Amino acid sequence: MGKLVTLMGDEKKFTSVSIPVPLFKKVEERIRGTGFTSVSSYVTYVLREIIAEEEKQEDDDKQPFSKEDEERVKDRLRALGYID
Amino acid sequence: MVMRQRAHGGRLIDRVMSPADRERFLAEAADLPTFEVDGTMAQDLANIAHGVYSPLEGFMVRDDFLSILDHNRTVKDVPWTIPIVLDLQPEVLPDLSPGDRLAFTYQGKPMAALDIDDIYGFDADEYASTVFDTTDGSHPGVAKVRSMGDRLVGGPIMLADEMPSPFPDYTLWPIETRVLFKEKGWRTIVAFQTRNPPHLGHEYVQKAARTVTDGLYINPSIGKKKKGDFTDDVIIHTYQELIENYYLRDRAVMGLLQAEMKYGGPKEAILHAIMRKNFGCTHFIVGRDHAGVGDFYTPFAAQDIFSEFPDLGIVPLFFKSFFYCKRCGSIANEKICPHEGEDIVNFSGSKIRGRLVEGLPPGEDMMRPEVSRIILDADTPFVE
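Residue numbers (the working numbering), protein chains in the order written: chain A, 1 to 84; chain B, 1 to 384.
To be clear, the hints were calculated from the coordinates, so they are not data collected in a lab. A couple of the hints might just be wrong.
Think about it this way: if two alpha-carbon atoms lie no more than 30 Å apart in a straight line, the pair counts; the simulated DSS-like pairs of lysine-lysine are [what the hints assert, rightly or not]:
#1 K182/B / K56/A
#2 K74/A / K184/B
#3 K13/A / K76/B
#4 K182/B / K67/A
#5 K227/B / K262/B
#6 K207/B / K56/A
#7 K207/B / K74/A
#8 K144/B / K227/B
#9 K56/A / K76/B
#10 K109/B / K144/B
#11 K74/A / K182/B
#12 K144/B / K262/B
#13 K184/B / K67/A
#14 K225/B / K351/B
#15 K74/A / K56/A
#16 K56/A / K184/B
Quick list of simulated restraints, FRET-style, between CB atoms [as the list claims (entries may be wrong)]:
#17 P20/A / S147/B: 51 to 57 Å
#18 L376/B / G33/A: 49 to 55 Å
#19 T188/B / E28/A: 34 to 40 Å
#20 I51/A / T188/B: 19 to 25 Å
#21 K224/B / E54/A: 35 to 41 Å
#22 D38/B / K56/A: 36 to 42 Å
#23 T380/B / D75/A: 34 to 40 Å
#24 D75/A / E126/B: 44 to 50 Å
#25 M148/B / E70/A: 35 to 41 Å
#26 S97/B / E70/A: 38 to 44 Å
#27 S348/B / E29/A: 41 to 47 Å
#28 D125/B / I51/A: 30 to 36 Å
#29 Y120/B / V21/A: 40 to 46 Å
#30 G121/B / S41/A: 27 to 33 Å
It should be emphasised that the depicted structure is a prediction, and the values quoted were computed from it without experimental measurement. We treat Cβ as the ideally placed atom computed from N, Cα and C, and that holds for glycine.
Make a model of the complete structure from these sequences and hints.
This is the structure in structure tokens:
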């Protein structure tokens, strides 16, 4: 569990996590000359990307609406000529 | 297998009252403090309730508002770039406080309820400079922010009734587009945002994007626009004609986005992409000067900003511009055509508009004759 660090007021909370020093140096090297301003910003970017992909996979089989809703919607779409 | 597009934030929001809740609300509304909304706010209420703005369940509270200005994210780390807020003058409703319920009315009739969580002040110049990257009052978004009441009221809403759509046959909510895409068997859907009638450049951008996806969702913004913009009626009718004559009927559909243009350039491009994700689209076209106005943004700022959001969850498709190449004898773009200079005829929006204002068709190498005819025959093609 990381330590919560409050920066510049209550609303802006960041926490620190530990990564191996060699990995930190590798990331530092990798982001040189890119738009990433720090190892933290790179790690944040990569984690967001990975989590978004995982959440997408988890949701693939979920429907955001019930069967009844779906039938009601289909009736309207048919009436409007969007589907046969 | 049909791939489902995840709603932004993970859940498609539904804040429409059940019939029983609606009856209760209509009965209690006369005893509640009320606030009369205009058409733009009525659209926002419907957009929230039907999940166009998922995961928002209402108007933003202070923490989300500040988080968005500071980080382009809600407090739950969901990408978001333009606050959706309700502003009031303090003297309008002096006795409101968190915990109260407010009834919104539209043309005098109760429309929705807001359960107030937060009332807070804001700095209009900070808001404008963060969202629009300018405090120049000639920017329509900045002017709007400066005209806002100085208190923002946040909290979840519930919708009882919505204002009638001027184009009911093209009014689709996210649940409807999602069922529509599923019924059509489309796994990948590219959305096209527009506020103009189509010229050939638009058509070919859409068709290029369609060749790498299963379906095209043409989603014009209708609602309040600035003087000189094309009217909603003209935009819709020209697209009807274009789809009818030049598109594969099973691969392209049109539905409307009822939302005010904010002219926020890059920040608005992200908001546009989020809304299309909620409609179930997997891809989103971002062209030159998307949602821009004047020269407030560089031509491709709205494309560059997407690199800041690896978790946006919708794939942006970037196009620079299509043009007619006289030597190729076809529509082309800079990625496939080696010619330049006098061989190239650009689809200049201002040039096309200039011809139309003079009552002349722009030419068939610029705009389909069916489209030109509708604009030229319209009584009021431009917002006055």
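Out of the numbered hints, which ones does the structure contradict? Going through the list in order, the structure violates no hint and respects every one.
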